[in-house]
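> Each chain, written out:
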Amino acid sequence: MKLPIYLDYSATTPIDPRVVEAMMPYLTEKFGNPASRSHQYGWDAEAAVENARNEVAALVNADPKEIVWTSGATEANNLAIKGAANFYQGKGKHLITLKTEHKAVLDTMRELERQGFEVTYLDVLPNGLVDMAALEAALRPDTILVSIMAVNNEIGVVQPITEIGELLRSKGILFHVDAAQATGKIDIDLSKLKVDLMSFSAHKTYGPKGIGALYVRRKPRVRLEAQMHGGGHERGMRSGTLPTFMIVGMGEAFRLARLEMHEENKRIQALRDRLLKGLFDMPEIYVNGDLAHRIPHNLNVSFAYVEGESLIMAVRDIAVSSGSACTSASLEPSYVLRALGLTDELAHSSIRFSIGRFTTEEEIDYTVDLLHKQIGRLREMSPLWEMVQEGIDLNTVQWAAH
Amino acid sequence: MSTLYFDHNATTPLDPFVLEAMLPYMGANFANASATYTAGREARRAVEQAREQVAAAIDADPTEVIFTASGSEANNLLVRGYADAWLAEAGKPAGVACTSIEHPCVAEPVRALGRAGWAVSELAVNESGVAEKAGVSALPEQTRLLSVMSANNETGVLQPVAQLAGQYKADRDPACCFHTDAVQAFGKHPLSFRQLNAAGVDALTLSAHKIGGPKGAAVLVRDRQLPLMPLVYGGGQEQGLRSGTENVAAIVGFGVACARAATHLEARIAQARILQQHLESWLKSRGAVVFSHTAARLSNTTFAAFPGVDGETLVSLLDRQGIAISSGVACGSGKDGVSAVLLAMGVDPLLAKGAIRISLGMMPYGVSTIEDVDRLLGQLDKVLSQLQRFAAVA
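From first to last, the protein sequence lines are chains A and B.
Using our numbering, count along the first sequence one by one with no gaps and you end on 405.
Using our numbering, count along the second sequence one by one with no gaps and you end on 383.
The shape of chain A in the complex, shown without the other chains (with noise of 0.2 Å):
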């Protein structure tokens, strides 16, 4: 077994072997721009471009035509919502989304604000599930947009994406899912969900970095200004070369989920499982977020008494992301967990574990015994931890001030 062991599928993925071998002839001889009109190296690039759009439809049950090629989810979540708000803002100027979103929606929300618009940003049950009832009150007659994500990059907890879109629909409110965590993970059918727009990633489901895609509805049309303009790539909606092999390893990655997600889901729901199990024998320790509405790849835990950046450097044997913000290395607890009530203490001492294709079995037992070990060390050092062992509530306890 290799050390560290990587547990952190939701920052990303390895590219899947069969992917890269897909995307190889576009990296060597067939390296035609797909927009060269005149010669059989721009019709092939052109023809797996095409192919590869297909694929991504296919998984989601969409028309390859409502498929349009970003640089990754990021960009797709900025093209959906600016690109709506813009052309949409005679209609109102009102959009609402969840405080738990990633920072490519809420952030482009923040700019929106700046442009004029006006932003709800939701409080979440305290399970990371969205409010319905909260949802329902929040809407306007002057609500455009709606963003909520299928699957929580943090916590993987399932949004009622089906029951969100029935509800937005009836009030011809448009509803933007980023399901760049969902992909490969939960059944997406697009002819059945009234989802409008809908971003996806490669590379959190064994594709390549550098590509994504954004569902645009078709029926009915949903209108986007361009937020990238130029030589009118993909119908005018974003313009720039698209970097072929790429889109091929998009095209494929999806492939391989299309037809192995609903096995390979099984197996990792049951190291999950097992990986639960394991730590859960150990006392004051919380799962964070619903874990049944969950994708089976991601479990979150705060270990209460450990302090957080001692509980990192502890477990350096695994690859894991912490509850501090996950874009820089400042120790901001992560406003994920904090929407969920979790205090600055407990959300510092969380860990995202996130399971993925190439996870094994000794690999999780592995896991369990490195934080049995370290958890058990961390908290003979801690003082409050002698406290509790004492029986004394902590919350009783008067602390000097300094």
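Read the hints as simulated data drawn from the structure, not as lab findings.
Among the hints, a few may not be true.
DSSO-like cross-link-like pairs, simulated, lysine-lysine; straight-line CA separation at most 27 Å [unchecked claim]:
hint, chain 1, residue 1, chain 2, residue 2
1, A, Lys33, A, Lys5
2, A, Lys96, B, Lys81
3, A, Lys94, B, Lys81
Dock chain B against the given chain A, drawing on the hints supplied.
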């Protein structure tokens, strides 16, 4: 029969040295560059090394380099990002300009600003396709942003960017912005951001796939004093100017491609120049008009027309003979199949319809040889004779 590729201005074959450098990041080193564990830090190190390689090749500071997913995106980031920053400060739109021969990925975002209330001006070019200082002085005083491409993708004409930038800054508030899309010039012509910046250029755009690097990586190189707002919001990567998980493999590839493109530049230019002269004297001997032949041009680019011969027809007949060339830009700026660049130069539309672009390989990998050019000329000869016989019968 293998195909001979003469469309290097559209895209170049990936240099095998570049591919070799990329492969580990498509395999074992797959971590997210924002992750704090060892593998993530290694990915971060690779991204930063690539940034240094790009900076070294263009003579800039690594902190001036912002990675994007395409040259189009970098150009949109500059145009839209500068305009948004101006709006945030001044509260109302001003003027924006670009040449009449810009690539659509500059011209279209400029037009989009026009729809948002900006006053759009066009900097005309002369009959050789060159923009002149007098034209810059004639731009409205309120023009806050001017973009002039370093080399045109169709004609290969090199613009006097430093002089134009100097004139632009001399005429107005020097805090205004001058940008150059250097995607076609980079790796084919000496460029120094340090020198251009001293002359008044605030930002330039480079793309990987035009110099033997992968598609999907490009940069905006900009003076850090330049006010700029992001185009893509999110995790705050690239100094907050371009969010999104770093495309480590493509970025690494771009870095290596830059290191390769910086080598033996003068020799590669001289070699391509010999082929270009050989090619063009043959074309002229067969009655072709070579556009912009008196202007300073890239040594790999020839844009020409045979009067009375349709360009598209010529291109498709050559394709059947295993020769890949282009009738103009890959991502059609043309109107009704006629090059907008040639129309802007005042070329007769009938002649312009005959335009074909031959762009030779002059990167360290995929370099065109004299044998390649002779094979092209042999096929061209055959095709032209066919067409003439056909015309005679008709």
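> If a hint holds in the structure, say so; if it doesn't, say that too.
Cross-check of the supplied hints:
1. Lys33(A) - Lys5(A): violated, 36 Å
2. Lys96(A) - Lys81(B): holds, 20 Å
3. Lys94(A) - Lys81(B): At roughly 24 Å apart (the allowed maximum being 27 Å), Lys81(B) and Lys94(A) satisfy the hint.
Comparing the model with each earlier hint shows a violation of hint 1 alone; every other hint is respected.
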